[in-house]
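Here's the letter readout for the chains.
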Amino acid sequence: MRVLLVEDDPMIGESVGKGLRSDGFTVDWVRNGRSAELALENEVYSLVLLDLGLPRKDGLELLQDLRRRGHTLPVLIITARDAVPDRVRGLDGGADDYLVKPFDLAELLARMRALLRRQTGRATGPIELGVLSLDPATHEVRYRGQPVNLSAREFALLHALLEEPGKVLSREQLEDRLYGWGEEVASNAVEVHIHNLRRKLDTGVIRNVRGVGYRIGEKP
Amino acid sequence: MRSIRQRLLLWLLAGLAVILGLSGYATYRHARDEVNALFDYQLQQMALALRSQNLLTLAIAGDGAEGPVEADIQVQIWDRNSGIIYISQRQRELPFVRSVGFSELNWRNRLWRVFSLQAGNRTVQVAQPLRVRLKMSADIAFRNTAPFFLLLPGVALVVWFGVGAGLRPLTRIAGEIEQRTPAVLEPVSEADLPTEVRPLIQALNDLLQRLGQALDAQRQFVADAAHELRTPLTAVRLQTEMVQRAPGEAGRAEAITDLRAGLKRASHLVDQLLAMARLDANVSTVSRQPVELLALARTVVVEYAPIADAGDIDLGLEPGEPAVIQGERTNLRVLLGNLVDNAIRYTPAGGTVDVAVGQAGAAPILTVTDTGPGIPPEDRKRVFDRFYRGLDNKVPGSGLGLAIVQRIADRHRAVVTLEEGEGGPGLKVTVRFPASGEALRVT
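Chains A and B, in that order, are what the protein sequence lines are. Take 1 as the starting number for the first sequence in our numbering and just add one per residue. Take 1 as the starting number for the second sequence in our numbering and just add one per residue.
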């Protein structure tokens, strides 16, 4: 799950980035509005964490531009502006949620999960498909009722595939979801993770559509 | 203690009484002159009439010859041969006055006005006690003045209510001012103000306005400060969580290092806020004294040397001549400390920070030059704003350092300029103090 973090404060950016990564997210961190705009042209993000007081381009302005261009990706505002009019302006400006600094990482993660869940049309809990279930909150994966131990990347890969069952994701798309900027990606990284997942679960769980990419199996 | 009303009443009544007294005395003086002239004429006429009067007639006329009773006239007639031949009231016989015409006589502690006339062998002497005249003059004066004294209570009433009515606008203003609180500092209405009170109210409104501005600034500062404190606190909170989540010993150690940096930053911000608040309070009790800049620079360089070493930055003081200015030692130290601290923060490892004291003409100058990234020209004005932290700033800071520098410089009427570092990137900050001839004062 790739997330764009827009935060100008180095310490907060650092901590949030680390926290999200430790939770299995892939994080790209930009420190001003202009860079955020450029990053968002990629459309690889599942969610945006947006600070409002940004240099070069204000967060709210950025958000409104984004919505005007028809982007629907979830945006969670994280800001020190706590006044009610600010919150109203933020939410009316197109934000899906609004979190006031200082906040706990745990709460931020919970809100992010809630947003992502809503995005995929689910109300609560784990994603279930046949005998396979994946809980984004607890990072628990069960196969035929048995817990399966997955690495963070393997989990993220499975999560991406389960998000839209049946949809075929290319290797590049999967790489985009799994790796942030500056992270070195071995040319066969996705294949290796797929291989490991198949080994830990079942070969039929992930199907290869030759020349196109991967999708989750119909009956895992 | 006394009200304006009481004061006015007292002054007006006392003044009126004195004026009435004086005018009474003037009336008395005037009346006395008239009475004197009148009675003198009467004495003379009487003496002339008695000159040839038959004594028998006189005797028959009896006491009536002396004229009006209140005139209290004493008539005595002498004959050269037979001595005193007539005396109107024997019990108060007067001595013979030798001089002819008007004269005054002091007889048995009483003053008399005497008119004496010589006619053949007869000497007619007509006399009147002066007391009678004085009493009459006093009566006249009193009759003329007394009614005015009766007016005084009336005047007092008029003053009492008149002043009350005149001061009513003050009561209204007092009521208006009473409604002013730190939250409501609107100017007092200047409509329908008595001319005398207008300057007072205008001064008061000016004061209210300045007070309002100061309060707004204070409020803004507190709001800004609270807002700015959120950022380092958020960082600290997140860093604490990262310590909890850190897997393994190495990860925890790293997280704790981050947390320590976060705490240091938070306390730095608090220090800076406090410094700013102290400057804002404008404590004019800070004493001015001669401050030698070179020695001050040496102190600050020594103070920051360990920090510079830790960041592998070459911090040094350039050779220069001592320069003395009149200033606030502690604040000047804060000023230079902030500049050096900034320079160290923004200069990458291996860089140089130079502090120098010099002269630009007659003006002492202080410069801090670093080899950091510098500040783009379009940003150089705004970096002095409170809490402004520059574009693409990757270094944590309070955003107050240069604002504090500016405030202290202003207090010394010094000018702070930002330029590119010498020969390349970097930043050169120059603080130019007024030339020693120019007077220094706290602004």
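For the record, the hints were derived by calculation from the structure and aren't laboratory data. Warning: the hint list may mix true and false statements.
Derived BS3-like pairs (lysine-lysine); straight-line CA-CA distance at most 30 Å [what the hints assert, rightly or not]:
| id | chain 1 | residue 1 | chain 2 | residue 2 |
| --- | --- | --- | --- | --- |
| 1 | A | 57 | B | 381 |
| 2 | B | 135 | A | 57 |
| 3 | B | 264 | B | 381 |
| 4 | B | 428 | B | 381 |
| 5 | A | 200 | A | 167 |
| 6 | B | 135 | B | 264 |
Here is what the structure says about each hint:
no.	hint	in the structure
1	A:57 / B:381	holds (19 Å)
2	B:135 / A:57	violated (105 Å)
3	B:264 / B:381	holds (28 Å)
4	B:428 / B:381	holds (14 Å)
5	A:200 / A:167	holds (22 Å)
6	B:135 / B:264	violated (102 Å)
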